[in-house]
Amino acid sequence: MLETFWILLLFPLVGAAINGIFGKRFSPGLIATIGCGSVFISFAIALLTFFELLGLAPADRAVTNHLFTWIESGNFVANASFLFDPLSGVMILVVTGVGFLIHLYSVEYMRGETGYYRFFAYLNLFIFMMSTLVLADNYLLMFVGWEGVGLCSYLLIGYYFETRVAGDAAKKAFIVNRIGDFGFLLGMFLIFQTFGTLEYHSLFSTVAERFPAPEIGFGVLSGITLLLFLGATGKSAQIPLYVWLPDAMAGPTPVSALIHAATMVTAGVYMIARSATLYSRAPESMLIVAVIGIVTALVAALIAIAQRDIKKVLAYSTVSQLGYMFLAVGVGAWASGIFHLYTHAFFKALLFLGSGSVILAMHHEQDMLKMGGLKKYLPITWATMGVATLAIAGIPPFAGFFSKDEILWNSLVSGHGHLLLWVAGVLVAALTAFYMARLMYLTFYGKERFSHESHGHHDDHDHHHSGPPKEPSLFVTLPLMILGVLSAIAGLVGLPAWLGDNRFEHFLEPVFHYAYTGDGHQGEHSHSLEIGLTVVIVTLALISIFLAYRFFVKNPAIPERIAERFAGIHKLLWNKFYVDEVYDALIVWPIERISRFVLWKGIDVGIIDGAVNGVASLMQGWSNRVKRLQSGYARAYASWILFGAVLIFLYYYLAN
Amino acid sequence: MVSTTQFLVLGAILFSIGTLGVIVRRNTITMFMSIELMLNAVNLTFLAFARHFDQVDGQIFVFFVMTVAAAEAAVGLALIVLLSKRNDSVDIDQANTMKW
Amino acid sequence: MEQLVFYLFATIAVVAGLVVVLQRKAIYSALALIVCFGSIAVLFYQLGAFFIAAIQVIVYAGAIMVMFLFVVMLIDPESEFFSFNRIRRVSVLALPMSAVLALILLWAMPVLRESDTNSQSLAQKGSIEVIARSLFSDYLLPFEVTSILILVAVLGAMVLAKKVD
Amino acid sequence: MLASENILTTLLLIPGLGSLILAFIPGKNHGLIRNLALVITLVTFICSVPLVLDFDASTADMQFVKNIEWIEAGGFSIRYNVGIDGISLFLIVLTTFLMPLSVLGSWSIQKNVKAYMILMLLLEVGMLGVFMSLDLVLFYFFWEAQLIPMYFLIGIWGGARRIYAAVKFFLYTAFGSLLMLAALIALYFFNGGNSFDIVQLTERLANGAVVLAPMAEILLFLAFFLAFSIKVPLFPFHTWLPDAHVEAPTAGSVILAGVLLKMGTYGLLRFCLPMFPTAAVKLAPVICVLAIIGIIYGALVAMVQPDVKKLVAYSSVSHLGFVVLGIFAFNMQAIGGATYQMLNHGISTGALFLLVGIIYDRRHTRQIADFGGIAHRMPIFATMFLIIALSSIGMPGLNGFVGEFLVLQGTFLMSRTYAVFAASAVILAAIYMLWMYQRVFMGRIENEKNMTLQDMTPREIIMILPLILMAIWMGVASPSFLNKMDVSIQKVVDRIEDVRTDEVYRVEQEQGDALSPVGLMTTSELTK
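Protein chains in written order, with this note's numbering: chain S, 1 to 656; chain W, 657 to 756; chain Z, 757 to 921; chain V, 922 to 1449.
These are calculated hints, taken from the structure and not from any lab test.
Cut-off 20 Å, straight-line C-alpha distance, at most; resulting in silico cross-link-like pairs (SDA-like, lysine to any residue):
1) V/K1370 <-> V/H1285
2) W/K755 <-> S/N624
3) Z/K918 <-> W/S740
4) Z/K781 <-> W/I691
5) S/K24 <-> V/L1386
6) W/K741 <-> Z/M829
7) S/K601 <-> V/A1290
8) W/K755 <-> S/Q630
9) S/K24 <-> V/Q1375
10) S/K554 <-> S/R449
11) S/K24 <-> V/D1376
12) Z/K918 <-> W/L738
13) W/K755 <-> S/G621
14) S/K601 <-> V/P1157
15) W/K741 <-> Z/M914
16) W/K755 <-> S/R625
17) V/K1412 <-> S/N75
18) W/K741 <-> Z/G912
19) W/K741 <-> Z/F826
20) S/K447 <-> S/E471
21) S/K24 <-> V/I1382
22) W/K755 <-> S/W640
23) V/K987 <-> V/C968
24) Z/K781 <-> W/L739
25) W/K755 <-> S/M619
26) S/K601 <-> V/V1225
27) S/K627 <-> W/D749
28) S/K601 <-> V/P1227
For clarity, every value in this text was computed on a predicted model and none was experimentally measured.
Bound conformation, chain S alone:
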């Protein structure tokens, strides 16, 4: 499979094409079979390839499939060729694996929708684009996937295009992403100008050659990395471009799970890890990445606490977790970042799918204050989501614990680490445990705050039965259970140093071969310090969960009192720090107004056309005056002729 692993890209593409073009006439069963089947085949191929890769010596674990030359002009060449190495291997497994489960989930979740075929076509297209992104062997091809997933995200967020919210959210997502892509593009230009290639391998070896040590101050590498990072903030919803992700929840829940939690939004992290060679030589950028990451994590976690919409909480949670990943890569812990990406994909996808299951059971009610006590109705959902919550909260031995622990440890001890980063990271961990516990308690515990009658706000979705909430079918619960198991055990591949060997990190090591690791401080610290810090973090998380239990189960009045007491802060958090409003007032509104009134009505119609038409009317004005000579009186004409003749004679007479 290693020689032809690229064919795994074909299946989703073909699936998308078939469903997209002919799907309207297909039965739902056929559509679902094509949709899920194509992704499953891709997953199987990815798995096969992955195991073949494992059979190779670590240094040889990078296989390229060259397909054709895509763009060639002068000394610029971009190939359509794909790379399978440990990093892209992990990514493609996550993408196709989680992707397949979510496809499976959608079979039931989306049943009865009018655009069933459309949905699966988009979803398949997304898998294709995402695979392109992670398998590309050069930045330009990665950019194809990068934009492609943005497009699919646009299509899928706007899936319910008849609602205005969905349309707005889709557009916002795409445009904000485009701002990031602007940076990505410029980053690529700068790479090409400086190093003459966009192909990973030759680029990284050139960089390692030309920059044996990190650059001092703000140089070209810092420029490149910051521009690329701008792209990453767009795609991965970091400050300042995170605003689109919460809105993106207007899309169907499986989409939120796949695109806006597990895969697409992690592309930025993947990209930075991929560019480790560049970043590790640009300490200034590293610092910025880490700071942005942790600030985003903190801000998003704070906002998440005050949200009532179950999917909004998860969305901000995603932003926050992504911040963690950026913190990781920002401190040079590339493998830890990818490790968290990998575990996060499982538990966050699970959380979204679980919330989807809840939403389905609640007839499309998303407000957590109108839920409660669902545990007895949705046991499987409750159990799996519980696992995921423990995982994201960082409770051992669930997956999130290992990855988060790695990140926090590295943020303290790595060459780029700092105590402040660690403190903030721990704070975020505690907040995460708190808001996730809040979500669980509000949803599954306490009083039932809903009636058993119809809750449907959306009449057109009212194909589900009214009555008490009940667990959806196996199509929904099976993916939940599989993801639940994965959320529980996936972390075991990356045990911390004091527990054994971090196999995940070692596996990824060849990818970061060219990354600069000169002055790392790792290994100087004792295991006892690491264990001690871990205990602190876990304890904090447990305390947070307990607090949440007190607040939202034992004594529901407390949060209300707190909210009243700190009304200002609560309002600020509830309104997400007014970032959308600020962007609107500072950027969107002025641009729109200036374009309309200054550029179009002012310059275009006013000045330029005004000048042109002004010349014309000037001409007209003059001819209006001059035309009076054309009086219609023949004698006047004759006089003019005479006058002219006299003038001519005079001229000749005087000239001689």
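Fit chains W, Z and V to the known structure of chain S by using the hints.
Coordinates of chains W, Z and V only, in the frame set by chain S:
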């Protein structure tokens, strides 16, 4: 012998008189006659030069001018008749539709 | 003698010309014009253009002017008063401008050396034969074209005259 | 099939004679006239295919050349001299490719179909002639000749303000071309009154056989440049474009955007750069800034347009800004990208206008506010529109991206600042296109009239599908196009490089090496 210059002076005077007539008269027919007068003034000049340079071409030219004048008179007078029927007048100022 | 004849007929021509322009009645103008043409014909003769002089009398004073008279009689134009009311500004200028024109033409008169005047062959030059020879050799094409012109003019006149209502 | 030297002439003759045939068909027979026009344009297209197949990509010389006497008087010689190189090859194919589609897009024309189709065919002759002429006078002849059919197409079959638009279009263009005419004649005399042969003239200017004084070169450059930049149109000469587009019938807009605008950029590449490289290098900063203003300005103004067609028209201003910027960035990527972008713009904007025409035929309005939610009623239409819109905003995998990317990268090599500003259009393009898409296609159907909309008919699908396939092909397999252009573009770039090196040398001589002049820096940056 009468000098060429004398003829030319006469021609100039006649021409100017004709011009004056074309401009000040409103009667189309009189205007027409003034034009004929101008043509004759020119003919006179032609012939004067023909004699002066001892060439026959001047006379030929006068011949042509006369032919054209005849043709012009035929069409022009037809037009005048037409105009007078339409406007009930030969006043040139009443035929002022040829303008912007 | 020649000078006398010249001045006599030149004066008649100028006076008649003035009458043409200044006379209020078109019929008088026409008659004055005939007189003018006649005296000009004499001057033509004096210039040695015998054939042209003959044509002047026959065609101009005869044919064309008769046509004018016919038209004058046909439409009986009302008497005209000098009035500048319609196009005052232009007409006011007409007289001075005509005067200026005349002055310029006189001033600009080429100074001709009279000795150059070649009048020996006047009789030959003015003879019909000389003209005919030239007309039917060098000027054959314009001559023929002229015939078409006249044909067209005749047709045009007929069409125009006929076309009323 | 055809002797290679006669292919180009055949291409001119088919639509030319075709229009003659149409002239003899009774005007009431609409169906026959339409079908015949379609067949004629299709045959033209088929005849242009051998150009691509037989094109020799290894030489920058003119190919398929036919050079015969046309007007000869003494030493004065105007020749019928046609031929193509890598730059004009695809523009010709683009023209023949778009024509049948625009004829298909004119099915809804009811008024005087015969005259319409005849004018369309004559327009094709004019456009093809511009791209293949190798004689200055012949070029000028075709340049002006295509103006007249277009004028009538807008003026007769246009919208409410068609007269204003047609006259504006005509005057703008004619103003430019008169300056060009003067420059053509001047060139003829600078060339020693020898010939109007473009290739020969370019060579003689390049090898120093004809030397222009610096001022003369700048003036000649400006005369040509003004003519072309009005046609392009470059900011601030662009205001004729929105009016002409909005008022023109669908096919008129397609041709106008798809081909006519390319004549301007083609002219820049064929005349301004190779003939007056020094002036081009000197004036490039100004031109680049104008192009960038056009890019951003066009996008911003497009954003707030209430009329779909006007939006697309302003987006053309933006896209063509990219082309001009690429041309004046003077390197392989940028000029290659610019040439590619010309084709892309022809495909995607042509398709956009056809699509707008489809909806206009149904609703007789183009106001965005009149639509909304029509994706419900017209899913195929919505999908096709989206694909084309994405191609227009440079989605990777579709054609627009390749051109835009190359242009921006080439520009980046020349000047980072320019590239940063130009690249911001990437964002703006997404905004105006998607915003419009959202308002037209998404949401609920608010307007009762939109409830009865019918989706695309087979004819309309056939009309759009080739463009979509082309957009995908050009987005994926760009080398099949770029490789054929490479050598010809290289020749232009080399010419500019020669001048730039000379210039640097001169500056070095004058200034010694006390200060490093700006020109030196750019060149050293390039050679790095």
